[in-house]
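Which chain is which? The protein sequence lines are A and B, in order. Quick note on this note's numbering: the first sequence kicks off at 1 and runs consecutively. Quick note on this note's numbering: the second sequence kicks off at 1001 and runs consecutively.
Derived from the structure by calculation, the hints contain no laboratory data. Hints should not be assumed to be uniformly reliable.
Unchecked claim - Derived DSS-like pairs (lysine-lysine); straight-line CA-CA distance at most 25 Å:
{"#": "1", "chain 1": "A", "residue 1": "Lys311", "chain 2": "B", "residue 2": "Lys1277"}
{"#": "2", "chain 1": "B", "residue 1": "Lys1395", "chain 2": "A", "residue 2": "Lys241"}
{"#": "3", "chain 1": "B", "residue 1": "Lys1299", "chain 2": "A", "residue 2": "Lys109"}
{"#": "4", "chain 1": "B", "residue 1": "Lys1203", "chain 2": "A", "residue 2": "Lys241"}
{"#": "5", "chain 1": "B", "residue 1": "Lys1299", "chain 2": "A", "residue 2": "Lys241"}
{"#": "6", "chain 1": "A", "residue 1": "Lys287", "chain 2": "A", "residue 2": "Lys311"}
{"#": "7", "chain 1": "A", "residue 1": "Lys311", "chain 2": "B", "residue 2": "Lys1177"}
{"#": "8", "chain 1": "A", "residue 1": "Lys109", "chain 2": "A", "residue 2": "Lys97"}
{"#": "9", "chain 1": "B", "residue 1": "Lys1277", "chain 2": "B", "residue 2": "Lys1203"}
{"#": "10", "chain 1": "A", "residue 1": "Lys238", "chain 2": "A", "residue 2": "Lys193"}
{"#": "11", "chain 1": "A", "residue 1": "Lys238", "chain 2": "B", "residue 2": "Lys1203"}
{"#": "12", "chain 1": "A", "residue 1": "Lys101", "chain 2": "A", "residue 2": "Lys193"}
{"#": "13", "chain 1": "A", "residue 1": "Lys286", "chain 2": "A", "residue 2": "Lys311"}
{"#": "14", "chain 1": "A", "residue 1": "Lys97", "chain 2": "A", "residue 2": "Lys107"}
{"#": "15", "chain 1": "A", "residue 1": "Lys311", "chain 2": "B", "residue 2": "Lys1395"}
These figures come from a predicted structure and were not determined experimentally.
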Amino acid sequence: MDLLNGFVALANFVLIPAIAYGSQLALGALGVTLIYGILRFSNFAHGDTMAVGTMVTVLATWGLQAMGVSFGPLPTALLAIPIGILGATALVLLTDKYVYKFYRAQKAKPVILVIVSMGVMFIYNGLTRIIIGPDDYRFADGERFVISARTFRDMTGLEEGLALRTTQVITVITAIVVVAALFWFLNKTRTGKSMRAFSDNEDLALLSGINPERVVLVTWLIVASLATVAGVLYGLDKSFKAFTYFQLLLPIFAAAIVGGLGNPLGAIAGGFVIAFSEVGITYAWKKVLTYVLPPALEPDGLVQVLSTEYKFAVSFVILVIVLLFRPTGLFRGKSL
Amino acid sequence: MRTVLLFAAVAGLILGTGFLQSWNSALLILNMGLISAVMALGVNLQWGLAGLFNVGVMGFVALGGLAVVLISMPPVSAAWQAGGGGILLGLVLGAATIVAAVLVWARTSGKLRGWGTAGVLLVGMIIYRMVLDPSVEAVEAVDPALAGYLGGLGLPVLLAWPVGGLLAAGAAYVIGKTALGLRSDYLAIATLGIAEIVIAILKNEDWLARGVKNVIGLPRPVPYEVDLQNDPAFVERAAGFGLDGTTASTIYVKVEYGLLFAAVLIVLLVLSQLALKSPWGRMMRAIRDNETAARAMGKDVTARHLQVFVLGSAICGIAGAMMTTLDGQLTPGSYQPLRYTFLIWVMVIVGGSGNNLGAVLGGFLIWFLWVQVEPIGHLLMSLITAGMTDGSWLKAHLLDSVQHMRLLTMGIILLLVLRLYPRGLLPER
């Protein structure tokens, strides 16, 4: 019984939050990795692309709510996601046309593109703050829990409760659907195959008649959609704040690099590695250990390795460890 | 010629601020411009001269700020008695653990290697926490409203500037040892992470510098305005210039700060110029332009990169110490990467990477714009919204959004300069 209680506590405080967070990171890292594979630079503006997509979704959600539209027990924001994707895509394509295209034509060095993306990051960040403001916004509505801690306790008779929030379930289901669709697209469709070919060997792909501008266009479309979905899921789970999204850049990049930059499978694995270590290391294990260990060994302290403020340190340390021992990441990077 | 003209233009902008707004704000811009120029010089050394992509400037700047607290604040003797020894011992044990783990890793092989290293780390960490935690608690319990930290050494504040440089250099050495040699994108992410960690430590380790409770009232290298106003001789002299005591004292203090900062900037600029033109500088540029060729010529690329990374970070640390001295307080909550890392990058890119004078120019120019975009934006917005009815939702929102204009403007400036002057306003010669 104690073991079961311990497991429920573990699931409630570590497994479920980490799976949800990991899915969000994985979606973000997929965007970074796709840009790296096709456009060949590290996009510093990715966090702010997520912010823009989410902002448009939030605004659309407010609009829908004002019109009295609701999605039953599900958050209204899910209905607004297509509008958010549209907004992010429009912005990203405009940016590509007026900013990145010039450097692509020049065949500029990747590091120049990274600096350019710094400029884009400033602009997106400023836009978000100007349009919606720098504050914290909660936009999740509908049913809060699938199973609340109390229901779970009544149902099973266990001491520990297991709360399953709607947003967590939505996050995981959406992530699975999106990732499945992405892999189907990359592996089965003509356009997807041409993207992979382009990423593998640009010259060969050009020789075989693949239109590079089309590949780039499709990449931006996918990246904007992934970024918006990732951003909205994160915002539903926590809240929307421009600065937080900018800060997500670090764990997202860590996830992409840990998995192997340019490798979509790696991005997903990396997202979960980072999420599980972040949650696991900043969680106070006292509760779980009290159930699992015999009373004599019960810990006195919180058994928390690092306080939650240090979660960035965790992504960073994992990043460094992986880079030192496997410089190309867990999965071989640089090919789609 | 171009250099002289552009510098004259920036000087004109700052003088214009003096005539149109007030000399106090002009001097404020000048002082922060001097500090920004020093930071830009540090980044330019790393990026312009060696091609190292360091986006962790914020961390080194914050370490410089920490040095000011550690050097200049008086020690809190009660806190030292409560747990100073324990904290020092804990830190030594923590360092010893890492050294031991590295040694085990280096000296053993096979299965023993992984498990041995992990075991040493685990045991070491437990002992470290057992020693450190109670002492930290004891220290933080000492008069938490005013102290709750160990305090500093009580030395003159000017000493903190070189120490800030040393602190940043030490951190840069450790980071460089692990992260240099990685590809440039990886180095960028690694430094970005380091900067966040430094800020997290400053925010959370209250025993060190009070965390988010901030350390205020840092000693100053210049007299206080109040003392000057109470000094009859000073007021008399000020009256000779036709100024009242209050204005004269604030201006006097700012000028003195400005002279100190200018002295530091000039020394560092001369040193950077000498380095740039020396055989060492030529070697660095050779490495930057073609690493493989330089390595084939027998240059130790990794060692040179480490060297220049440490030097550049040290300069950022000095600038950070200067800034905290000017502010008179250390507020870890105010460090944001957009302001302290990416803005410095805009300065270097706009000024001209690889050109020290360019970096200095960029420092002044971008800082001036960073400060002045808000009033200019406000003026613009008032014009745009002039036709709208008062109290309308859109008008309020537009006027409110002016405070966020500067980020947008900086992005546009960066993109425009990259497109029109890819090598910056003052290109490398």
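List of violated hint numbers, smallest to largest:
1, 5, 9, 10, 15
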